[in-house]
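These protein sequence lines are chains A and B, in that order.
When you read off a place in the first sequence, starting at 1, and then add 42, the result is the number in the numbering used here.
When you read off a place in the second sequence, starting at 1, and then add 42, the result is the number in the numbering used here.
Among the hints, a few may not be true.
Where chains are identical, the list cannot tell them apart; a pair therefore holds if satisfied intra-copy or between any two copies.
[Said to hold, decoys possible] Derived lysine to aspartate or glutamate pairs resembling EDC-like cross-links, with alpha carbons at most 20 Å apart:
#: 1; residue 1: Lys73; residue 2: Glu218
#: 2; residue 1: Lys58; residue 2: Glu88
#: 3; residue 1: Lys73; residue 2: Glu210
#: 4; residue 1: Lys64; residue 2: Glu179
#: 5; residue 1: Lys137; residue 2: Asp169
#: 6; residue 1: Lys64; residue 2: Glu184
#: 7; residue 1: Lys137; residue 2: Glu116
#: 8; residue 1: Lys106; residue 2: Glu188
#: 9; residue 1: Lys58; residue 2: Asp87
#: 10; residue 1: Lys58; residue 2: Glu85
#: 11; residue 1: Lys73; residue 2: Asp87
#: 12; residue 1: Lys146; residue 2: Glu116
#: 13; residue 1: Lys73; residue 2: Glu141
#: 14; residue 1: Lys146; residue 2: Glu85
#: 15; residue 1: Lys58; residue 2: Glu141
#: 16; residue 1: Lys146; residue 2: Asp169
In case anyone wonders, no lab produced these hints; they're calculated from the structure.
2 protein chains.
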Amino acid sequence: MMMSTEQSRIPYLNHKIILASKSPRRIALLKQLGITFEVAAYEVDESFPANLHAAAAVRFIAEKKARAFTGTIEADQLLVAADTVVVHDGCIMGKPTSEAHASKLLERLSGTAHEVITAVAIRQPNDAIYLFHEITEVQFRELTAEEIAYYLRHYQPYDKAGSYGIQEWIGLAAVERINGPYTNVVGLPTAALCVALQQLTTR
Amino acid sequence: MMMSTEQSRIPYLNHKIILASKSPRRIALLKQLGITFEVAAYEVDESFPANLHAAAAVRFIAEKKARAFTGTIEADQLLVAADTVVVHDGCIMGKPTSEAHASKLLERLSGTAHEVITAVAIRQPNDAIYLFHEITEVQFRELTAEEIAYYLRHYQPYDKAGSYGIQEWIGLAAVERINGPYTNVVGLPTAALCVALQQLTTR
Numbered sequence: 043m044m045m046s047t048e049q050s051r052i053p054y055l056n057h058k059i060i061l062a063s064k065s066p067r068r069i070a071l072l073k074q075l076g077i078t079f080e081v082a083a084y085e086v087d088e089s090f091p092a093n094l095h096a097a098a099a100v101r102f103i104a105e106k107k108a109r110a111f112t113g114t115i116e117a118d119q120l121l122v123a124a125d126t127v128v129v130h131d132g133c134i135m136g137k138p139t140s141e142a143h144a145s146k147l148l149e150r151l152s153g154t155a156h157e158v159i160t161a162v163a164i165r166q167p168n169d170a171i172y173l174f175h176e177i178t179e180v181q182f183r184e185l186t187a188e189e190i191a192y193y194l195r196h197y198q199p200y201d202k203a204g205s206y207g208i209q210e211w212i213g214l215a216a217v218e219r220i221n222g223p224y225t226n227v228v229g230l231p232t233a234a235l236c237v238a239l240q241q242l243t244t245r
Numbered sequence: 043m044m045m046s047t048e049q050s051r052i053p054y055l056n057h058k059i060i061l062a063s064k065s066p067r068r069i070a071l072l073k074q075l076g077i078t079f080e081v082a083a084y085e086v087d088e089s090f091p092a093n094l095h096a097a098a099a100v101r102f103i104a105e106k107k108a109r110a111f112t113g114t115i116e117a118d119q120l121l122v123a124a125d126t127v128v129v130h131d132g133c134i135m136g137k138p139t140s141e142a143h144a145s146k147l148l149e150r151l152s153g154t155a156h157e158v159i160t161a162v163a164i165r166q167p168n169d170a171i172y173l174f175h176e177i178t179e180v181q182f183r184e185l186t187a188e189e190i191a192y193y194l195r196h197y198q199p200y201d202k203a204g205s206y207g208i209q210e211w212i213g214l215a216a217v218e219r220i221n222g223p224y225t226n227v228v229g230l231p232t233a234a235l236c237v238a239l240q241q242l243t244t245r
């Protein structure tokens, strides 16, 4: 692959990444970052010890996803796993199981703030794990029943924590403000990921 | 046009908007909102009295853009004009005039926080103006000279205040966090716009 002079001087753009996630949002973000990567999709049990608070739980799951990779991480590769949760009123909100459940979750988010936490686990060839997480506060305005129905009819947020995608209609129409990294809400805190990869690739 | 039942019950989706902006980002945001609109593109002198502070200046320009429309606003229409500025160290940063200028602006943003202010002026058929603005703080991490060169080579941010687009590579790689509405940084505070249109269309 031909690289421009500038690109070759940006270490995190030159490393080979194995993305341990089949999330279309994470794939799109890595593509837009210009990072060279392949996708390793495998199922991981996402349960966690019940006594963990939210940030510890999401870090636990991200590390479990990184550890579950059974292939080889070559000397010029890094494996990136991530997990995202929505925390509302101190509880982790799951992914919706039906339209009625999705509607109920969005009614709870309406007019309130919640936190989105994404943890990232970077596994190195020597199996060391570099683990970090970012928190973003998200404020929704009050939604009408018609707005919730309109969103659920046009989008299918059933694979999404908290039952919404900030990059979709509801993010534009109803998210009044955020405090933290934007891409963290999409599913991957990209600027922090660049900093982490930079550190791991220039040692 | 056929509308779903839900859509017909969301008043701001049913009104006809005249968008007084040819910004591709504002056009894309209104499209994604599902709002029916046409674009009225005309040139407006964007100068403002030198004694105005940043928020007053951007409100002044947005109102001037709305007032400059010489066509007719029909009874079922609203005209939406907007202006966005980047404020750094108390000064309004302009749009870059050359690659060297763009590079200089990004060097100044590197490793610091700045504010993005977008003002929106909604002109009604009776020529009354509904004016508001939103402020978003944006924190950049330190950029290397190679990262700035890479961004300027792959994107041409010469039509953008502050010389960057948050939705582009640099937004993913270098924006550590924001505090405020995300779409406000793109060029139009969409959730606040929905609330304003809702108020103006359900009177």
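How the hints compare with the structure:
| no. | hint | in the structure |
| --- | --- | --- |
| 1 | Lys73 to Glu218 | between (28 Å within a copy, 19 Å between copies) |
| 2 | Lys58 to Glu88 | neither (26 Å within a copy, 47 Å between copies) |
| 3 | Lys73 to Glu210 | both (19 Å within a copy, 12 Å between copies) |
| 4 | Lys64 to Glu179 | neither (25 Å within a copy, 32 Å between copies) |
| 5 | Lys137 to Asp169 | neither (30 Å within a copy, 47 Å between copies) |
| 6 | Lys64 to Glu184 | neither (32 Å within a copy, 31 Å between copies) |
| 7 | Lys137 to Glu116 | neither (34 Å within a copy, 45 Å between copies) |
| 8 | Lys106 to Glu188 | neither (40 Å within a copy, 35 Å between copies) |
| 9 | Lys58 to Asp87 | neither (26 Å within a copy, 49 Å between copies) |
| 10 | Lys58 to Glu85 | neither (22 Å within a copy, 47 Å between copies) |
| 11 | Lys73 to Asp87 | neither (27 Å within a copy, 39 Å between copies) |
| 12 | Lys146 to Glu116 | neither (45 Å within a copy, 39 Å between copies) |
| 13 | Lys73 to Glu141 | neither (31 Å within a copy, 25 Å between copies) |
| 14 | Lys146 to Glu85 | neither (27 Å within a copy, 47 Å between copies) |
| 15 | Lys58 to Glu141 | neither (39 Å within a copy, 31 Å between copies) |
| 16 | Lys146 to Asp169 | neither (41 Å within a copy, 41 Å between copies) |
This entry does not satisfy hints 2, 4, 5, 6, 7, 8, 9, 10, 11, 12, 13, 14, 15, 16, going by the numbered hints stated previously.
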